[in-house]
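2 protein chains.
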Amino acid sequence: MREFFALSFTVGYSHALEEEPGEMVEATVPGAVQLDWARAHGYPPYYYAENWAQYRWMEDVYWHYRAPLPAPPAEGGQLLLCGKGIDYRYRIRVNDQVLYEYEGMYKPFSLDLTDALTGRDTLYIDIWPVPKRPGRPDDRSQASLCCKPPVSYGWDWHPRLIPSGIWEDIWLEKHGEPYIADAAFTYELDAACEEAQFICEAQIARPGETDGRQPLQMHMQIANSDGMLVYDTIGAAGEPRLAVGGRLVHPDLWWPNGSGPQPLYTVRLELLSDGQVVDVWERRCGFRKTELVVYEGGWEEPQQMPKSRSDPPTTLLVNGRRVFCKGSNWVPPDIFYGTLDENVYRRQLQLAKDAHFNMLRVWGGGIVNKEAFYDLCDELGILIWQEFPLACNNYENDKGYLAVLDRESRAIIRRLRQHPCLALWCGGNELFNAWSGMTEQSHALRLLDHNCFEEDRQTPFIMTSPLSGMAHGGYFFQEADGREIYEIIGSSRNTAYTEFGCPSISDLEILKLALPPDEIFPPSPDSSWTSHHGFGALAGRGWAVPETVAHYFGESPDIQTLIRRSQLLQAEGYKMAFEEARRQQPRCSMALNWCYNEPWPTAAGNSLISWTGRAKPAYEAVRQALRPTLASARPIRFLWNEGEDFEAELWLLNDAAQEVDAGEVTAYLDIGGVRTAALRWDAGTVPAGANLRGPTYRVRLPKAAAGGMELILTAARPGLESVYRFMYRPRQRIAQQPKAADMNY
Amino acid sequence: MREFFALSFTVGYSHALEEEPGEMVEATVPGAVQLDWARAHGYPPYYYAENWAQYRWMEDVYWHYRAPLPAPPAEGGQLLLCGKGIDYRYRIRVNDQVLYEYEGMYKPFSLDLTDALTGRDTLYIDIWPVPKRPGRPDDRSQASLCCKPPVSYGWDWHPRLIPSGIWEDIWLEKHGEPYIADAAFTYELDAACEEAQFICEAQIARPGETDGRQPLQMHMQIANSDGMLVYDTIGAAGEPRLAVGGRLVHPDLWWPNGSGPQPLYTVRLELLSDGQVVDVWERRCGFRKTELVVYEGGWEEPQQMPKSRSDPPTTLLVNGRRVFCKGSNWVPPDIFYGTLDENVYRRQLQLAKDAHFNMLRVWGGGIVNKEAFYDLCDELGILIWQEFPLACNNYENDKGYLAVLDRESRAIIRRLRQHPCLALWCGGNELFNAWSGMTEQSHALRLLDHNCFEEDRQTPFIMTSPLSGMAHGGYFFQEADGREIYEIIGSSRNTAYTEFGCPSISDLEILKLALPPDEIFPPSPDSSWTSHHGFGALAGRGWAVPETVAHYFGESPDIQTLIRRSQLLQAEGYKMAFEEARRQQPRCSMALNWCYNEPWPTAAGNSLISWTGRAKPAYEAVRQALRPTLASARPIRFLWNEGEDFEAELWLLNDAAQEVDAGEVTAYLDIGGVRTAALRWDAGTVPAGANLRGPTYRVRLPKAAAGGMELILTAARPGLESVYRFMYRPRQRIAQQPKAADMNY
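Chains as they are written, first to last, in this note's numbering: chain A, 1 to 745; chain B, 1 to 745.
A portion of the hints provided could be inaccurate.
[Unchecked claim] Away from chain B, derived, C-beta distances all over 10 angstroms, residues of chain A:
(1) Ala-116
(2) Ser-141
(3) Gly-238
(4) Glu-291
(5) Glu-300
(6) Pro-306
(7) Pro-312
(8) Asn-433
(9) Ile-489
(10) Ser-531
(11) Arg-614
(12) Leu-692
(13) Ala-705
[As the list claims (entries may be wrong)] Now the stretches of chain B that chain A is said to cover, found in silico as 3 or more residues with beta-carbon under 8 angstroms:
(14) 300 to 307
(15) 450 to 458
(16) 491 to 500
(17) 695 to 707
(18) 719 to 728
I should point out that these hints are in silico values taken from the structure, not numbers from a laboratory. Backbone N, C-alpha and C define an ideal beta-carbon position, used for all residues, glycine too.
Please model the complete structure; the sequences and the hints are all you need to start from.
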């Protein structure tokens, strides 16, 4: 059997590839060189105030890792250096002998060190400065000829901090016997999802000489989620490659969260020599099929002559059944993505599942996540829309870049295609918009379609988001043109809302991580609010938008009040947008807000959870909005005045796979304790996976005190109730507007 | 040197693959089995009346070709059977030995017969019945799992007649010395189109044994269009493959018709053994680059939030310069495409060039043309939009079909990519519309993009027409909803009009080919007018539309009058639509009418030229509309009444690569000799490749006799003048409408 050895690294930097580093410090691997150096030299935390700027120089030097190597293996044995990825351009040496040189962070490697070992050996990993496209300013466009996440180069919610280093696992393996060098399990479900045709391919390697070989056998087993064997075969192991194919009838299908269970099978290969197990390969798999189809009724459009095409398909079928995709955009949960581990992923993904998400879009500006992320999504039933590392740039037809993208994308596909959660491949973010300038003719996107077709053609591929019919935005409760999110989403007819946002100021706990105490209130653009995206981000507007809060509520006397109001707008905005997208079924097939999480403590932003994994109030609002079945209202604006006719359509939303008897739904307004007359709607039964449009609740707004107003829906069936919050103003002269302190928000 | 031998075939049919045909008849090769059998058995012409139905049975039998083979070559020699394509599924035998079996009509073959020859040998080619997708009715959907042209299965301008047989050249080659088995010349132009990097790859074969070989040399020459050598190199010929790469600085660029000259270079390979030329390969090439980009201003759209993508690119750059694509849709000029030869192609393509066409869309419902077609387009400067053989069907993810499409598409790409005329690959016709139901997820289209990317990535690829922003239709002067083509095209804002049609009744000469004399007038659906598409075609309406002619002109007393009026509407409709599309630059980038030619004598249809190659009046109107520079009007409807304010915007259209001084443009109406007051517009100079929008000519229509009315534009610069025809009616009661005989149309 193989033996594993850990490596113990130190790291230092120099100004040239062949120059020795002046000082070596202890390295945490996986991790990032920046964090190692900062730890050793007492740098203040990068996420506080303007400290991030002190780390900036580290992107432009060469970094050098060193680790002592063990003694060479006994006669005939092999010592392999195995790694899942190093960030970004690097070479690997044993002493002075270069064994490997590569550009890219996703392709794993397995290097045979045996012949290079002398008995006193050192492993060197030399890393180039971060890649920058020549002639570009210090922004994301520098990443437009590489496969690093462009977000690291600076974004409107991410400072410029570009990690380098060994960001994935790396280890040594010693082999004395034949072993399974690589293996993959793939399958195809038939049209009815009743039978899986699978193939398990393995590559066999032997240390030492090739003469006098014992013939090998391969024992393959598949066990279902209860551990019961459903396939068991043994046969001669062809060398160096073998393939075992077979069929499973009526496999237990894997379903996304809310649509069914997530049974995971285990595939196990045992390599036998002389009847003894000499190596084992094992992995989990799930059986599911995903397809993108045109929405019901979509083929009838367009109707007018001259006639264009019908919209591209965005309706997802899982195992042949339509699934409305509810979820969010996933960004790296840390600037230094090398530090991510299962704990971070699990906390955030469990919250996603609890909020009834069934999909996350792994946005192309960030990283392709570590394996633990996808393992968890397999377990939790979170479908993954996976983008390649292209976003908001024109990745031009450069031969060198395309060669890197070819290798990196194949590595990504081969790794992720094995996960049942992997629902959809996408070339990258907003590539068909002006700020990117790419098209279907761009070679990078044709290459990605080409590679997905070769490596995983059963999974849908789209070139970018948005495509025609789909849309991104808006990103504010109230856009600069004055329109509220109620109107922006409510008046749209898109096939998928794959980004839409509503910002809030972060919780005070988070602000304290990010901002010096004296800068916290009032928010000012001349403070760390700006570097933490409260001001200046996204074409100058920033995410704090205190003027929007003031527009609705007047001045806020303190940070707690400002945060509460800001977060109320975010929660109400998101609630309306998610429910509205659900109402627009079947034309609309997806609602994924921008964004779910964040890479450091932002002062303000669109995320539902903060860097620490703490949920904002908007998280709870979204969780309510995404319940499988709920009574829902369709509010048209936030601010209402005495004497106006308040109105909102009443709906029953049902994504459940079974019909639901809601019974009577009641609606009324509560304005600071003053209740309006209730409307009673005998909604009755709403069919499986369908919505019911009910009456419009309409009432003239009575006189009451200025402040919060709530629309309350209850239903005979418990658990369907909903509350929508608004701002109410009594009739009076503007000069007599209530002071902030008088209001209950 | 190689020797060529012709083959002399007979053909017969049977009801099973292994069954002997009862009778053999003389075969014309290339051709079609239907024509051979009909000729031998005195069938009446398939294009007359309902005779086509008599040929119908031939699609369901096995056809068997036979040809005697010459004696085996002398010791060490090879006898090859070479063919460019056989239609459709076939096998090739020598005596009883099956040497080759293939499905598909486009992949060439080269079979070594040597070992199968005994001295008294017969070549057999057995052809399966035409493929039909099981469970489908007798229409184009039967072609949805094969690579035959679906049009043969019946279309609204093509009867159901499905050719079979040896449709391309086939011959024998005898080799006694080493020879060039295959070669290809490809190149890439740099961004500025100033340098071509080329590579010429060749495969060398040797008859006889491999011992005692003489080393070979390869002499490569490139001559420009004046015959002057621009590249000349000689070196050892690597076996069995060699590649010669090099650069040409400032090659003479190939331009489409109207944009510049079409210089064609000659690439010549000479294979030398002992200094003697033993084989030669030669072909023409032209240096050009084509790209599809977003139109000027297109990146500013869409503007609204939520924001979708910008439209897919349809603006063609040739050698970096924008070219507005003017032309038509090319369909097979004969039902029996095996009979096509350079003469047919030349006549029709010369007419296309004369009409200022610079592009033809080779529509996916028909064939990929024979080589002579593309050679002529290279010479004439006609850009080719080439579709793969998919149209108006859902070509599903069937593994067997995809394997055939993979082989056939690669053969098509490898042949056509060598032609400078080849501007654009397209997956097929109207595949993203309801009647096809395909999407970007369809494996057939992903496979085609994949193969084009591998074999010819420098040429743009689109999956289908129309894409978003582009449009097909309308297809009538007046649609069923009453809107005229003036309004339909005039109120649209599409990025490319890649199909739009206006039908007319065919010339009397053509009607006489198609219809029995007593059926010609009046046109009736209960006659061969129907099988010849005058009635019933295209969802029941048909192309004769006598009611439209009557709507404008009243009853027509005879066929000549009916034809003249019908053709006047077609001419005016096409003129307006082409000029309008030109006015819509730069958003609009293409105007390709449906359609250019026709496969048999139609009684009525949208084509500009008839089956015999005779031009309809619409051809001349289009030729006028596509002049590089012209004075143009923008009429809004056809029918005008006394006392109304006639109006039309005046424009100067200029596609020329240089500015044009038009001087003063004059506009007036002539109503049966009554002239209205003239408008004089000092248009002056119109820049290169730009249009000038002038004043609106507006005049109250005076009293005149009922009948034709002409808007006449003249310009100081000769050659720019234009005439637009309308119908005029004096004010009177409807009962007093003039009789048809009173009118000058």
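The hints, checked one at a time:
Every beta carbon of chain B lies more than 10 angstroms from that of Ala-116(A), the smallest distance being close to 35 angstroms; the non-interface claim holds. Distance to chain B confirms Ser-141(A) as a non-interface residue, since its nearest Cβ pair spans about 16 angstroms, more than 10 angstroms. Annotated as non-interface, Gly-238(A) keeps its C-beta farther than 10 angstroms from every C-beta of chain B; the closest such distance is 24 angstroms. With 10 angstroms as the threshold on Cβ separation, the claim that Glu-291(A) sits away from chain B is violated: the shortest Cβ distance comes to roughly 7 angstroms.
Against chain B, the non-interface label of Glu-300(A) is violated: not every CB pair exceeds 10 angstroms, the least being about 7 angstroms. Taking the minimum C-beta to C-beta distance to chain B, about 3 angstroms, the non-interface status of Pro-306(A) is violated against the 10 angstroms cut. Once the 10 angstroms rule is applied to beta carbons, Pro-312(A) is inconsistent with being away from chain B; the minimum gap is 6 angstroms. Taking the minimum C-beta to C-beta distance to chain B, about 6 angstroms, the non-interface status of Asn-433(A) is violated against the 10 angstroms cut.
Non-interface call for Ile-489(A) relative to chain B: violated, since the shortest CB-CB distance, roughly 7 angstroms, does not exceed 10 angstroms. No Cβ of chain B approaches the Cβ of Ser-531(A) within 10 angstroms, the least distance being about 27 angstroms, so the stated non-interface status holds. No beta-carbon of chain B is positioned within 10 angstroms of the beta-carbon of Arg-614(A); the least distance is around 29 angstroms. At roughly 25 angstroms from the closest C-beta of chain B, the C-beta of Leu-692(A) stays outside 10 angstroms, upholding its exclusion from the interface.
With a least beta-carbon separation of about 35 angstroms from chain B, Ala-705(A) lies farther than 10 angstroms from that chain, consistent with its non-interface assignment. A stretch counts as covered by a chain when three or more of its residues have a beta carbon under 8 angstroms from one of that chain; for the region 300 to 307 of chain B and chain A the count is 4, and the coverage holds. Coverage of the region 450 to 458 of chain B by chain A holds in this model, with 4 residues showing a Cβ closer than 8 angstroms to a Cβ of that chain against a need of three. Interface restraint, the region 491 to 500 of chain B with chain A: holds (4 residues with C-beta to C-beta distance below 8 angstroms; minimum three).
For the region 695 to 707 of chain B, the assignment as covered by chain A is violated, since 0 residues bring a beta-carbon within under 8 angstroms of that chain's beta-carbons and 3 are needed. Counting residues of the region 719 to 728 of chain B whose beta-carbon sits less than 8 angstroms from any beta-carbon of chain A gives 0, not enough to reach three: the coverage restraint is violated.
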